[in-house]
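Please arrange chain D on chain Z, whose structure you already have, making use of the hints.
Protein chains: 2
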Amino acid sequence: MTVTLDDVREAAERIKGVAHRTPVLRSRTLDELVGATVFLKCENFQRVGAFKFRGAYNAASRLSPEQVAKGIAAYSSGNHAQAIALAARELGTTAVILMPEDTPKSKMDAVAGYGAEIVTYDRYTGDRTAIGEALAAERGMALIPPYDHPHVIAGQGTAALELIEEVGELDALLGPVGGGGLIAGSATAAKGLRTGICMIGVEPEAGDDTKRSLEAGRRVSIPVPRTIADGQAADIPGELTFSINQRLLDGIALVTDDEIRDAMRFAFERLKIVVEPSGATALAALLAGRLDRVPPRVGLIISGGNIGAERFAELLNP
Amino acid sequence: MTVTLDDVREAAERIKGVAHRTPVLRSRTLDELVGATVFLKCENFQRVGAFKFRGAYNAASRLSPEQVAKGIAAYSSGNHAQAIALAARELGTTAVILMPEDTPKSKMDAVAGYGAEIVTYDRYTGDRTAIGEALAAERGMALIPPYDHPHVIAGQGTAALELIEEVGELDALLGPVGGGGLIAGSATAAKGLRTGICMIGVEPEAGDDTKRSLEAGRRVSIPVPRTIADGQAADIPGELTFSINQRLLDGIALVTDDEIRDAMRFAFERLKIVVEPSGATALAALLAGRLDRVPPRVGLIISGGNIGAERFAELLNP
Chain Z
1 MTVTLDDVRE AAERIKGVAH RTPVLRSRTL DELVGATVFL KCENFQRVGA
51 FKFRGAYNAA SRLSPEQVAK GIAAYSSGNH AQAIALAARE LGTTAVILMP
101 EDTPKSKMDA VAGYGAEIVT YDRYTGDRTA IGEALAAERG MALIPPYDHP
151 HVIAGQGTAA LELIEEVGEL DALLGPVGGG GLIAGSATAA KGLRTGICMI
201 GVEPEAGDDT KRSLEAGRRV SIPVPRTIAD GQAADIPGEL TFSINQRLLD
251 GIALVTDDEI RDAMRFAFER LKIVVEPSGA TALAALLAGR LDRVPPRVGL
301 IISGGNIGAE RFAELLNP
Chain D
1001 MTVTLDDVRE AAERIKGVAH RTPVLRSRTL DELVGATVFL KCENFQRVGA
1051 FKFRGAYNAA SRLSPEQVAK GIAAYSSGNH AQAIALAARE LGTTAVILMP
1101 EDTPKSKMDA VAGYGAEIVT YDRYTGDRTA IGEALAAERG MALIPPYDHP
1151 HVIAGQGTAA LELIEEVGEL DALLGPVGGG GLIAGSATAA KGLRTGICMI
1201 GVEPEAGDDT KRSLEAGRRV SIPVPRTIAD GQAADIPGEL TFSINQRLLD
1251 GIALVTDDEI RDAMRFAFER LKIVVEPSGA TALAALLAGR LDRVPPRVGL
1301 IISGGNIGAE RFAELLNP
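Chains Z and D, in that order, are what the protein sequence lines are.
Going by my numbering, the first residue of the first sequence is number 1, and it counts up by one from there.
Going by my numbering, the first residue of the second sequence is number 1001, and it counts up by one from there.
Isolated chain Z (complex conformation) (with noise of 0.2 angstroms):
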């Protein structure tokens, strides 16, 4: 099992008039500090405020009418608990998503918002997939996992699909890895138009399974990740999403914690544009010169911009 330019291009169809088509950013200050020619995907004003609802809504559009019927169930430590609590409201169903307790209170808020109801479980204990398989049986409704799943695998990789129609050839994308959904996707979209263009996922030093995983040529695991960036807390990396990215990435970057808050800053002061930590980490790579060599053109993914103004003041004043 894989997933192709084509079903990309499918979930683009799908998608089409329910997501948003994000606007891609240029900054000449941006420009001139790496040297280069950037152009900034904007997830974060996607529906939900994350590239996530791209693969949700795939993944849900694509069930029968009687699975959507007997609603849907996810768990996620954030973003994807409200792409899928949203795409099954615009379905005309319900969602019951199961969150880490310490999620950040804003993401819940905006996940009961939606009209789902949330199920939390302890992370730092808890095995999230066995509990969420449980509480899906349990109702009768169908799980669409946060990553690990091909429908949703080509819905996040809509978003890399668009920034290339609309901007041209890239010689390096950029993306966040954390269950590896996103860069799997935009890999699969970005080589499939151009098989020289140079795939680099980025992760928090303190997350670093996928990085691991490809040196040692199998999945590793690694203790639950300590990072301000949560959404990229994954422990090991998915097993179809580390098939795609082990034959399709070109390199993983490692960013630290401070360089993921010189990022968000530097979106704030100087993009204006308001970015949670697993969002800023590609641009974290660049800004902190985490790239051995940085070519002409880049496409970076901003992923998300999840994050309330006290939790913003917080992180970058610890």
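Treat each hint with caution, since some may be false.
[As the list claims (entries may be wrong)] Below, in silico cross-link-like pairs of lysine to aspartate or glutamate (EDC-like), each with a Cα-Cα straight-line distance of 20 angstroms or less: (1) Z:K70 x D:E1032; (2) D:K1105 x Z:E269; (3) Z:K105 x D:D1006; (4) D:K1105 x D:E1310; (5) D:K1016 x D:D1031; (6) D:K1105 x Z:D262.
Hints listed in this document are in silico derivations from the structure and should not be mistaken for laboratory results.
As the structure is a computational prediction, the values presented were derived from the model and not from experiment.
Showing chain D alone in chain Z's frame:
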């Protein structure tokens, strides 16, 4: 002397490729809250982070080569200063900027960053027009005022022109009023395209000089206002801007500093954009229900986003 739609169109030609054609954002959440379709023209993404670059560059580009060579002078509480500094740099000359000594540091740093010289004064005791004119005369430089100048007003009007070109007819257009240049230019463009559009200016309650002046039928002076909306701290409308606004505005809405804070938070958490206090007043008027009625299609100018992360946190947690 006045300003016409053709002047705005000519300005649009002059700034093309130098100023950004800024994005127009939409928000389903905002539309649902106010019961209208709202189009946000995002001048916080303009060069120098505010609409001011439009008017500054248009005016500077119309100086003679001899005048340009001698340099450009300006007085400004902030964004016009950056705008003139950058316009001068773009035209290959120098700028000297007279700024209030209590200007936020981020704005002073930005002006210096564009290579301009800064001279400071006390805005509670000094007459910036007189000091600015003396400074320009002493240096033999052309002075470009922040709003009361036909080329500045025509330049500011290009934001509304672009907005309406992009989204089509609007029933109402809202923008902030400081000295009145942005709203005068916007009204010139919008009413030039469609006389029936409802043009509403928005002032901070403490700085209601234009509202009082419109009610009195003549320019009225108020004590220097103390408001978080530092870009709207004018104490009397401009002569030319007032004559245009008297003719073209349908009304003025007032907003409190707390309503501005709420709008800044809404912009941050829901729209994912950074808006400075003066840039948020039109949004504040809409969100706080300060309009008598909200027609179906509303345009709104987010005029700027120049605010440091620390100042932003202070303002939202007073």
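Enumerated hints in conflict with the structure, sorted upward | Those not satisfied are hints 1, 3 and 5.
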